[in-house]
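Peer 1: Each protein sequence line maps, in turn, to chains A and B. No gaps in the numbering here: position 228 of the first sequence is 227 in numbering that gives the first Met the number 0, and each next residue is one more. No gaps in the numbering here: position 121 of the second sequence is 120 in numbering that gives the first Met the number 0, and each next residue is one more.
In short, the hints are calculated from the structure, not lab data. Ideal Cβ positions, reconstructed from N, Cα and C, are used throughout, including at glycine. Just to be clear, a hint being listed does not mean it is correct.
Said to hold, decoys possible - Selected chain A positions facing chain B (Cβ under 10 Å, derived; list incomplete): (1) Lys11; (2) Glu220; (3) Asp221.
Claimed, not checked - In the DSSO-like style, the derived pairs of lysine-lysine whose C-alpha atoms are separated by at most 27 Å in a straight line are: (4) A:Lys50 to B:Lys282; (5) B:Lys340 to A:Lys56; (6) B:Lys56 to A:Lys56; (7) B:Lys153 to A:Lys1; (8) B:Lys282 to B:Lys50.
2 protein chains.
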Amino acid sequence: MKPLSDAVLHSKKSSIRKLFELFLKSTDAISLGIGQPDFLTPDIIMNGIRKGLDNRKTMYPPALGIQELREAVAEKFRTENKMEWVQPENIMITNGGSQAIALTFAALTNPGDEIMINSPNFLSYFYIPSYYHTNLVEIPRNTDYSLNFQELEKKVTSKTKLLIINSPNNPTGYVMTRDEIEKVVGFVLEHDLYLLSDEVYEKYLYNGRKCHSPASLGGVEDRIITINSISKTFSATGLRVGFLAAPANIIPLMEKYTQYTAAGVSHPVQYGALEGIKHGNPKMDEIIQNYDERRKYCLKRLQELELECAMPHGAFYCMPSVKKYMYSGDQFSEQLFEKQKVAVVGGDAFGSYSEDKIRISYATTKENLEKAFERIEQFIKGL
Amino acid sequence: MKPLSDAVLHSKKSSIRKLFELFLKSTDAISLGIGQPDFLTPDIIMNGIRKGLDNRKTMYPPALGIQELREAVAEKFRTENKMEWVQPENIMITNGGSQAIALTFAALTNPGDEIMINSPNFLSYFYIPSYYHTNLVEIPRNTDYSLNFQELEKKVTSKTKLLIINSPNNPTGYVMTRDEIEKVVGFVLEHDLYLLSDEVYEKYLYNGRKCHSPASLGGVEDRIITINSISKTFSATGLRVGFLAAPANIIPLMEKYTQYTAAGVSHPVQYGALEGIKHGNPKMDEIIQNYDERRKYCLKRLQELELECAMPHGAFYCMPSVKKYMYSGDQFSEQLFEKQKVAVVGGDAFGSYSEDKIRISYATTKENLEKAFERIEQFIKGL
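Working from the sequences, and respecting the hints, build out all of it.
Peer 2: Here is the structure:
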């Protein structure tokens, strides 16, 4: 038999999904593993989809998404993200944030291009580049998880096409400051790059931090793809609706690519997303307050267990080092699940610079968190 | 600014979509253009989605699709398509047939591989190969639109990885016979190839023709990807649910690829597809009878207008030549729309061997067909 795809063969299966499968097979396990909020998808979204069904929206949607939703998303970017230049023709509706990332690679890159990313980072960013035959260049984060600009300057070449940022960040919880965002934009301009800004966790902010969209800064809108989705803000990861804002000359490339490879996003579901985007999540403040308590609880417990962890200011993750107790985060994760049935993700999933780390998601009840940390404590005591 | 994606820049925007956009802007136009059935999506599907929503299926679905649906699809392939070897682990649920095609390329191909296809054919097949940096080799169909095996033998090389068939065919309406399917399978085995069998029009058969799935033949199940979807059978193109059966070693590659580039198919919508697959389309016989009448009417009118057309035995298209009246099908299509507001698709959209042809879809009411052909007659008279 002739060989299958090299790039896909050699990419790893998501260890998060593997963990999820193990978790589902176990009866008394607690998951601090998956990146999924634990509140219910708001009724406005559910009812929007029901309305779409009642109106029999079952025929091909436009490849770029339904016009009403593109308009609502443009309005969201203008008002919430201060991206004043955005018009509906800059918007594309996607099969979740994941497809938005893939479309960015599809439209912008050619084989051999170099892609830069601060590491650790969201796991898709480590595999998608190889699917597009581009080369990923990892920039190890500073110890506080901020971007290391010196390393960035060192590693940029004439082949560099795209810089990726994801702030608030999965898996570190790091939130870039306004100053950092400005420096990123300056770097992108100086080296003639494109910038992918993944802002899916934009609502999950603590300690008074803000999410600054680089595409709100003047004079760079022809270089930035801003990615977002309803998944995290509305706890609707399974509806698979994301969206992006891009320069007007790039949207038609994404449109063509999606016409032939996906042919659009489920039509009735787009009417649910429309209600969400138009009205926002009515309970967001309450949710954030709640998540902030969990975050603080995690940090307190990590400190007590002497698991060193840079302060997370956003998203719903923290990423401590386990090197005090064990060589690798993967090992820690495997043994913790085996002995105490607590699921956390080993650092290897998030790049080459987090081997000694684990990702903890606190998108679960306080009660679960308390139980999980008790078990982690037992586990550490038994080492 | 650095260059965008070559492959995507140089692929054409779907002329069908362009036509569709023109059509939407016009008030009294008639479309014989788009590949979308004209009956309502059955209520069992709509209610299945509603049930999915009521059960709050809004969290990440498994990347391969929900287990119940994979089981129902496996059962469908075993009983309806006589693919007795198929188990749920051979099944993947996809974002329509389009994503199933893309995933096949993602999992099977490496840059430089050659892909063979009989031409004219479904338009995605002409663009997706370049997105995966593979080379498409077109095999011009015989005049009756059957596969030209001599040409196939002539053009196969050691680099050929994949042969694509789509029967019943869009755009020609051609249905491969059992004998042809057997020869295709023999060819695939002889040259150590993979075979993509796109069977989305399997229910649209006339003149007693049958759809023979190549993967029902013994000893080739490790080489065949069988693609289907709910789009055409259930008039549900906009729900974006397709599915495929593949060798068990290929499914994990597709799973990985989709984890990072799409992260699954809308969760509640899969429960609608489940009802459709489990129960079938209760009105299919009636629909086919109806479509057959339209088909016969088209053929009669084409004959009267002296537009030569090979007999279509399947799908809901016919593809006559316009060379008696005009140099190219694209020109014919453009002028017909301009002068008489009838939308048909010029042959160029379907490959390099259909320049003098147009595709007519008869997935519209008899009344519309009558009106459209009156206008076509006027148009031809005015030439």
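Peer 1: Could you tell me which of the numbered hints above are not met by this structure, giving the numbers in increasing order?
Peer 2: 2
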